[in-house]
Amino acid sequence: MSANPPAIERVRAIELRGVGHAYGAVRVIHDLDLAVEAGEFVAIVGESGSGKTTTLKTINRLLDPDAGEVLIDGVPTRVQPAHLLRRRIGYVFQRIGLFPHLTVAENIGVTPKLLGWSSTTIAARVVELLDLVNLPQTFSARQPAELSGGQRQRVGVARALAARPSIMLMDEPFGALDPVTRDALGSEYRRLHERMRLTTLMVTHDVLEAVLLADRIVVMRSGSIVADGQPRDLLNDHPDETVRALMDMPRRQALRVAAMLEESVRG
Amino acid sequence: MDDRVAAAWQQLPLFLGEHVVLSAAALGLGLTLSLLCAVAAVRNRYVRWPVLTLASLVQTIPGLALLALFYPLLLALSALSETVFGRSFSALGFLPSLLALTLYSMLPVIRNGVTGILTLDPAIVEAARGVGMTDWQRLVRIEFPLAAPMLMAGVRTAAVWVIGAATLSTPVGQTSLGNYIFAGLQVQNWVSVLFGCVAAAALALIVDQLLALIESGVVRRRPVRITVGALVLVAGVALAAMPRSDETADYVVGAKSFTEQYILSALIADRIAAEGGEATRRTGLGSAIAFTALAAGDIDVYVDYSGTLWANVMRRADVPARTRLLAELQSWLAREHGVGLLGALGFENAYVLAMRRDRAAGLGIASIDDLAAHARDLTVGADLEFFARPEWPALRDAYGLDFAERREFQSTFMYDAVATGEVDVITAFSSDGRIAANDLVVLTDPRGAFLPYDAIVLVSAERADDPLLRRAVAPLVDAIPVEMMREANHLVDRSVNPLSPTAAARWLSDSIAPRSGP
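Just so you know, the protein sequences line up as chains A and B, in that order.
Residue numbering for the first sequence follows the numbering used here, beginning at 1 and increasing consecutively.
Residue numbering for the second sequence follows the numbering used here, beginning at 1001 and increasing consecutively.
These are calculated hints, taken from the structure and not from any lab test.
Treat the hints with care, as some may be off.
Residues on chain A that point at chain B, a partial pick, calculated with CB under 10 Å [stated by the list, open to error]:
(1) PRO81
(2) ARG95
(3) LEU102
(4) VAL110
(5) LEU135
Just so we're clear, the structure is a prediction, and the values are computed from it rather than from any experiment.
From the three backbone atoms N, C-alpha and C, an ideal C-beta is built for every residue, glycine too.
Just chain B, same shape as in the assembly (with noise of 0.2 Å):
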């Protein structure tokens, strides 16, 4: 318990002056749009319902799918401007996370503008007209701030959305508070979450009495007050702001958001660093985001499974044999992406169906045949993304499986409810240690309607040649079967004395090569 609070406070001041640049960036560009949209809203009644509507909009749009959505946006813009101005930019991290934050945040200020400065008094407003103000004159002398106390009140409102929602910035590549919950949430470390959430809010807090600090001396015009929140929070952000040392590294390893992935990434890292190379993670991306991220040069380096690539990316529906899919995959990759397929690690990380032992043992359960006669009875649970994938549809009809019930589940989740009976069977990951650990059995495919997904190293086109990166991952190809990787799993999985994915790569990294010790 100690060493995981001491492992969060040290990853504290790059997560959260990370979160403090974002959200900052993020409110002074929103408040800036939200003031414009405001001015032109109270001006004219015609923009007004479209802007209020527009805003409200947006804030229905989960924060987590607006984040997403800004990521496929900012490629495409990126792909234009390298046509027209022979330039690209990164389309993930800080981006597409500003820009979504930045929208986020309007509606308050917005709604909050407008309708502070439509319901003034129209005697002060006339009498604004009639001393001889412009239309400028009036608003910044008169009609903003006598709404100031209503505007600040909507800033406020604001920041605390930002400041919560900046946390979902973590799967599309922005290192935020985020990352103790994204990734603590995968290896069930709660109190790596618990720290995540309670930092977050601890953030929010401070911003919002220092802007209420600032709101008060709006009201009671004491500029003093005003002066000393500002300050306050000019300094935070410039404390947050200041460069680390970090930033320089030369290779970005990205990992999804799953234990595996934080294992892998953390063994990577450490191999380009015993290489010599200096090298970040870039860890809890989307797992459609890792490849898009790698094909454009965000990240150099990540591990992903040929299944996966198979089905999502190259969208076929066939289910080929193990090596020919991955000779397939590999030309593919080279020729549409140039993206380079460095080897496989040696084991499969695949979907299989698996079953807690003594109700498989109770119903006589041993292949997916088995299980189809007594699917009308069975609850199924699946992990967010399988039953959208096109193993679904080919599983159920080579089967002719019929549950009685389909649930989803965070895979973290997904684990438990089969332990507790509330599922009867789920979609599990061959590579997983928590098959192990909950003692569950994996049905055999005798039709063998589940792709391969062999564990593949990737790396991106401009890093396809790279001796350093080939000579740190060359020892991991065909290093690591799948008990290893098991094993590795659960050693962070477990609930008993777990390790952090950091000692459980150093572990795997042992295992690889026994080091010859005195």
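Only chain A is shown next, with the shape it has when bound in the complex (with noise of 0.2 Å):
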């Protein structure tokens, strides 16, 4: 027995070493090291221009970052094309991008199909991935165009999901519904992770969003982190003075209502 047992690594579901990039001259995250792994849900808050989104598009290679590396499943993103790899991660972000010359399944099943599933597995989890998103078996022939905002975003995480990926990511994907729909979307979307046990990493301005749906959060400002804990660590009291600012309202608003609560009910 030895006193030092080798430590043994965990396989990361996502891991970025070292990542930075720059646009031109303005260099948006540097140095970032993040780790999520299988099966956890992770938010990403921070300020506009913070690099939120920046990070997230260095996963699947949207952007592919100027210094360090990306792993996913322990696995260097550079070793294979960038379209392979995001065949494999579910993309949701706030402005849909629904293809709109196509049908509710055809945008559905867009991946598979450049996967070369067969056109009858295709149907099948078209029909399986509208229920999931609580749509109407009806909708499948329909244009993009004639859905509802809800509707959309909700093909959207169908979308992503279509190909069974195990990692979600997600940038301000519910961003633009309104209040009810929203939430109401970001808890079916939480239960959906649990079931499928997928690992999510989401980029959100919302605290609120993200304190109530993420396992954890990361804080961004200026291209780094500054802080990385779970909800309630960072609700009370943080050393940092922007992580006490962002979850300072989140806090405040809850205890507002709180107070309107217990009075109700005393009244």
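Hints are included, so try docking the two chains, each in its own frame, into the full complex.
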């Protein structure tokens, strides 16, 4: 029995090692280290321009970082063509980007089709996914233009899940929706995340959403990570001022709402 | 009037068929190249500017000039191919027309394609990348389908342009609906000009509507419309491309684009037929193109003028006597090009200066010497090439001519201009029927400044010793005096009851050898 057993390095679903990226002369993220365990739901929060979206895009190589490396399941993403990597990773973003000339079913089935699935398999998968995102089966023949914003993003989520990825990248996925739809879709997605044992990395500027959905919150400022922890730890008097300021608002709002509820119960 | 329309209808299958095949080929090639250029321009912004600029630049070149420029270019390529591969190709007719029109069709397709793709919602492009499409898959499955409506609008524009510009391929020897227009313009057959314009416009309109049907099918995703539109287009092109019997002729008779040339080419074609040969005519050739075409073997026989070849082809500036010029020309043609000179027809179509009879009498002008004294107060009108030819400085210097104003006309309008008094003196042609018709007087040339312009029959190197052709041409040598040619030209050019060039050729043939009728 040796004194120091060799550390068994756990294989992370997503790992960023010293990642940096610049647009021209503007350095957006630098020397970023971040690891996400399989099955985790991690939210990245921070002000506009803090580098959240850029960080997310380096993971499925919508951007290739100019420094450091990204590993998926322990394998550097550089070893294979970017489009093959992207087919294995679900991607949902605020502007949704449904293809307007394709039906809902064709939109959902696009990645499976690229992977060469048979049309019957794809059709069955579309049925399954419409159920999963709570859309009626009659929607499959519709055009994206016929759907409401919330319905479109349900299709967006279904499209991202279609090829059974284990990792989902979400860039302000519910940011453009009205509060009620937003809340409903957020909690529904959280249940999907559990049920399908997904690894989810979500960028959001809505701290409350992050607090309610994520297992872990990463706070970014000027291209670096300034805090990384469980929501409850970050909510309670964090030493960093930015983090405190960011987390203070949902806390105050929650306290005010709680006080009001208490009053109404008493009254 | 009626028989002119009937004659036009009779030529329609040939002219329209050739026009359709040419336009379709140019559009097909142009569309393919344009799409490749558009893709390159979309993917690489360093390619974008040069491609769009170049395509715009082509558009600023007048269509006729673009067509004409391709001829010498192809000729050089053909010569190169001859030395490298031992095979040459025809630089006249279809090929230069195809290439010029192809270039002409590219701008609207490239511009609309590039704009259509670059203005797509960036979210859609990001989504296409995000779901794992390669660049090619994104182009084919997303960008092209979404840019298709705009692209189709560009294709429609290109189609209308090409069908219109294809009428300009007549002067480089490609049969098209332009034959109606160029021939009609030369012989003042306005019915023919109008017929050509209407036919080209109708064709453009029909094609545009069919493409509009396809476009609406693309926009509204109605595959039926796309299929119907495409099927009709394909069927139309297939019908036009069906081989016609007249393409098997042995002899090609060329003609430049003026009345006398149309008549003489018809006359030679008739003579070849009479000897048992088959002949087609390639008419409306540009003056400079006709000889090059003969030297290259694209046409077998045509009539040119000794002075023209002397000045333009041999590039000689001296003015020798008539017989010496002919002898030197004959040996030079044989030596340099292997081209045979079968003989002179017996008349000259020389440049002369002509004035309205009353105007000349009023000023007391009979010779160019007399004219020089009044030139400062007079306006001279010339055809489109005269002032660029060596005769002009020679004439000017010989007589010290200094006109108040110089104007240039297409030759039909030049005669109208002198008749209406818009210009005082014109550079007429000695065999032109319009001299007598407009009651013009030809000024004498006491100092011999003008070159002799004997009408001569030239045959290509391959046909120089062709016995049938020699038999066909022999009866015409020294058989047509200038008065006879003038009359024949007048029969076609007169405004009252004009004859077709073919009918005038028959009149000429009868006048040369009167038949012993019953």
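*What are the numbers of the hints the structure violates, in ascending order?*
Violated hint (a single one): 5; every other hint is consistent with the structure.
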